[in-house]
Amino acid sequence: MTLLLEGGRLLCPETGLDRIADLLIVEGRIDAIGPAEAAGLEGIERVDCAGFVVTPSLVDLSAELCDPGRTWLEDLETGSAAAAAGGFTTVLMSPRTDPVVQDAATVRDLVQRARATSAIDLRVAGALTVDLAGEQLAEVGLMIEAGAAALSDGGRVISSSMVARHAMLYAARLGRPLLLRPGEPILEGGVMHEGVVSTLIGMRGIPASAEVIGVARLTALALETGAPVHLTDVTTAQGVALLRHARAQGAPVTASVSAHHVLLTDEAVADSGYDTNTRLSPPLRSQADRQAVIEALGDGTIDAVHSAHAPRNRVGKEREFALASPGAVGLETALSATVEGVGDLALALSVLSARPARVLGLERRIAVGSPAELVILDPSARSQTAPERFFSKCRNTPLAGRELPVVVQGTLSEGRLVYTRS
Amino acid sequence: MSTARGIVKRKDLLGLRGVEADEITHILNTADKFRSISERRIKKVPTLRGRTVVNLFFEASTRTKTSFDLAAKRLSADGVSISASTSAAKKGETLMDTARNINAMAPDMVVIRHSYAGAAHMLAREFPFSVINAGDGINEHPTQALLDMLTIRRRFGRLEGLTVAIVGDVYHSRVARSNLHGLTTMGARVLLAGPGTMCRDGMTGLGRPDAPVEVRHSIDEVLEESDVVMMLRIQRERLAPAMLASSREYSQLYGLDMKRLKRAGEDTLVMHPGPINRGVEMSPDVADHQGQSAIMEQVTNGVAVRMALMYLLLEGESDDASA
Chain E
26 MTLLLEGGRL LCPETGLDRI ADLLIVEGRI DAIGPAEAAG LEGIERVDCA
76 GFVVTPSLVD LSAELCDPGR TWLEDLETGS AAAAAGGFTT VLMSPRTDPV
126 VQDAATVRDL VQRARATSAI DLRVAGALTV DLAGEQLAEV GLMIEAGAAA
176 LSDGGRVISS SMVARHAMLY AARLGRPLLL RPGEPILEGG VMHEGVVSTL
226 IGMRGIPASA EVIGVARLTA LALETGAPVH LTDVTTAQGV ALLRHARAQG
276 APVTASVSAH HVLLTDEAVA DSGYDTNTRL SPPLRSQADR QAVIEALGDG
326 TIDAVHSAHA PRNRVGKERE FALASPGAVG LETALSATVE GVGDLALALS
376 VLSARPARVL GLERRIAVGS PAELVILDPS ARSQTAPERF FSKCRNTPLA
426 GRELPVVVQG TLSEGRLVYT RS
Chain H
269 MSTARGIVKR KDLLGLRGVE ADEITHILNT ADKFRSISER RIKKVPTLRG
319 RTVVNLFFEA STRTKTSFDL AAKRLSADGV SISASTSAAK KGETLMDTAR
369 NINAMAPDMV VIRHSYAGAA HMLAREFPFS VINAGDGINE HPTQALLDML
419 TIRRRFGRLE GLTVAIVGDV YHSRVARSNL HGLTTMGARV LLAGPGTMCR
469 DGMTGLGRPD APVEVRHSID EVLEESDVVM MLRIQRERLA PAMLASSREY
519 SQLYGLDMKR LKRAGEDTLV MHPGPINRGV EMSPDVADHQ GQSAIMEQVT
569 NGVAVRMALM YLLLEGESDD ASA
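Residue numbers (the working numbering), protein chains in the order written: chain E, 26 to 447; chain H, 269 to 591.
If you're looking for bench data, these hints aren't it; they were derived computationally from the structure.
A quick note: this is a predicted structure, and the numbers were derived from the prediction, not measured.
One or more hints might be untrue.
Said to hold, decoys possible - Here are the simulated DSS-like pairs of lysine-lysine, each with C-alpha atoms no more than 25 Å apart in a straight line: (1) K333(H) to K311(H); (2) K359(H) to K333(H); (3) K341(H) to K342(E); (4) K358(H) to K342(E); (5) K333(H) to K358(H); (6) K311(H) to K358(H).
Unchecked claim - Not close to chain H: a few residues of chain E, all C-beta gaps over 12 Å, as computed: (7) L66; (8) W97; (9) Q137; (10) M217; (11) T250; (12) G251; (13) A266; (14) S297; (15) A347; (16) R427; (17) G435; (18) R441.
For every residue, glycine included, the Cβ atom is placed at its ideal position computed from N, Cα and C.
All chains should be modelled from the sequences, with the hints used to inform the complete structure.
Pasting the structure below:
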């Protein structure tokens, strides 16, 4: 299997590569870079990339694909299609399913079905605690033996510091990252960020301190236990400041934030007239928080951006705001939202590709011999977000109708085109 | 203030945030005219004959529900009331499905009270009928604020330049929120006072940029400066743990009794949206004070304000209305 990407701008934030050149892919790996090498090859498949950027494909650290148990919302096939259309070729699936992914048999089943049905690299995160309840340690060792790539709280905060501490001690030597959401559940009874906007529009608030307390707890425990903790969703200025401090002290902690938080603020709740698609967990924060998050992505305090893909249908969303299920689909909008949010293509690509890859022990780079995990995108095009054209089974996005930059033209996994824009 | 540049004919009234001063004036002027209907022996005009108004109340209410009921009846509209205890919500039907069914019966207007913010907005967005928000969670209760403003205007002849204190559980009060938006829009100065859990310093940001709200920490600080003092009820049903020490402490620190009222002066008007917890936020002799308490006037004006709104939303023209 040989494929030639012709005349694209090869952009690799990892290696600093940024030039127009051909790229030859043989047997799923990058075989050659440069105009001359491929010139003599006859009869091979060619893709014209003139005017487009060719860059490493994206890696997602947090997506709900709802399989097993809620496959009317998403399944491995539609989730993969949505991911590929968004430029992702590696997706870590949240254990937040029904039943929860918490035993070796379920992990093995998902790994096998993913291999059989998905054109991209779907990875399984196992639940750190039984039923994600934050009480009893799940069989994390057996799940890792069965192929789990990470352990996760599924976005449900472990409120007991003792359970979190013991889980870290136990899992520290298992060699997989622990994905944990910083929070303090007792302060999270509200429905949106507490601030001027929530006060103005009469909504119960979730104070930033809920996240700050969570960051303090998890980073202190990580420092003490040596467990490789990845904080999903650091969204506040104070949370960022504390994380920066903990990392400076040597805490083995990485972090990410959702693309929605990079682009949107709590104003979106007011401006949309209580649109339940703006109800997220953690909630959209203030403009000052958003600025701090962008700055933290720039200086590396926050490593990565994830999609926080959370499919919900009308049963979950056609409700009063306070009763609506939090979450938004994100796989097909994460890249555009991040580029728009940070205003810097190379930084956006880095935080969606090489940096999250590193959290999973992977690499994303354009170099001879590297796996051909690539995305071809049009950097100058803008398009209106059209949920009705999503590959995902769900349409719950706060970005509907919004014009955003960057259009994915094609996505390659293991050297094969797994998505082509029609 | 000229109404000549036209008041937009609106479909719904969801809140007072963003409603302009000339529109509020227009509503209050119309309510003033409708007020006389309730003073006649035959309290009925044919204005909304053949129109249907549905009252959809998902939270307990006596005053507001009766007031909307009577307003519809006095305008000759046909009214139906649905309350939470008798609705299909008890059987698990969602608000949207309840509203779809009501819509299928072709009402002209739905008046909704609901325990969550934004419920009225959702119906207004999805359905062709007019919607009046009769209270959504802790967000807004615009008709209450309008009747409060009508009451103040009838007493003082104006709103502009007055100082109005709102005392108590501002955080949980949709009445306070709507009044805040309305009063500052009309050029009144608003002072807030209450316990730190219920009246937070950050609430200064609630006013308009040109008319910021002031937060004070004690009732005595605001009384002397105020022309009007609105006392709020402690909403026990909405309180989270540790928001309040005791009713006894609250009434001593923030309650309005005769001693405090005397210090405020005999020109100070006392208001309360009801229901009153006598002896907590207000002593009985203050509540019933002849002359200084406007609490029953508020209720009377409520019917007129709701009649005016039903008329303006369903029949209103952009110009002068006459009853």
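Requested in this report: Mind verifying the non-interface call on T250(E)? Its CB should be farther than 12 Å from each CB in chain H.
Outcome: T250(E) is indeed farther than 12 Å from all Cβ atoms of chain H, at 32 Å.
**Report entry** Distal placement of G251(E) relative to chain H, Cβ over 12 Å
**Finding:** 37 Å, holds
Query - Given as non-interface: W97(E), which should sit over 12 Å from chain H by C-beta - result: Non-interface label on W97(E) holds, nearest chain H Cβ at 18 Å vs cutoff 12 Å.
Query raised in the report: Beyond 12 Å from chain H, beta-carbon-wise, is M217(E)?
Result: 10 Å, violated
Requested in this report: Report holds if the minimum CB distance from R427(E) to chain H is greater than 12 Å, and violated otherwise.
Outcome: Given a closest Cβ separation of 18 Å, the condition holds.
Query raised in the report: Within a Cα-Cα threshold of 25 Å, do K333(H) and K358(H) meet the stated pairing?
Result: Status holds; Cα separation ~20 Å.
Query raised in the report: Taking the closest pair, is the beta carbon of S297(E) still more than 12 Å from chain H?
Result: It is violated; S297(E) is separated from chain H by about 10 Å at its closest Cβ, not greater than 12 Å.
Query raised in the report: If you draw a straight line from the CA of K359(H) to the CA of K333(H), is it 25 Å or shorter?
Result: Holds, because 23 Å separates the two Cα atoms, which is no more than 25 Å.
Requested in this report: Sort out whether K342(E) lies within 25 Å of K341(H), counting only the CA atoms.
Outcome: 36 Å, violated
Query - No chain H beta carbon within 12 Å of A347(E)'s - result: 4 Å, violated
Requested in this report: Just double-check Q137(E) for me: nearest Cβ-Cβ distance to chain H has to come out over 12 Å.
Outcome: Q137(E) clear of chain H: closest Cβ-Cβ about 39 Å, beyond 12 Å.
Query raised in the report: Does the claim that G435(E) lies off the interface hold, with its Cβ farther than 12 Å from every Cβ of chain H?
Result: The assertion about G435(E) holds, with a minimum of 38 Å to chain H.
Hints 3, 6, 10, 14, 15, counting from the list given before, are not met by this structure.
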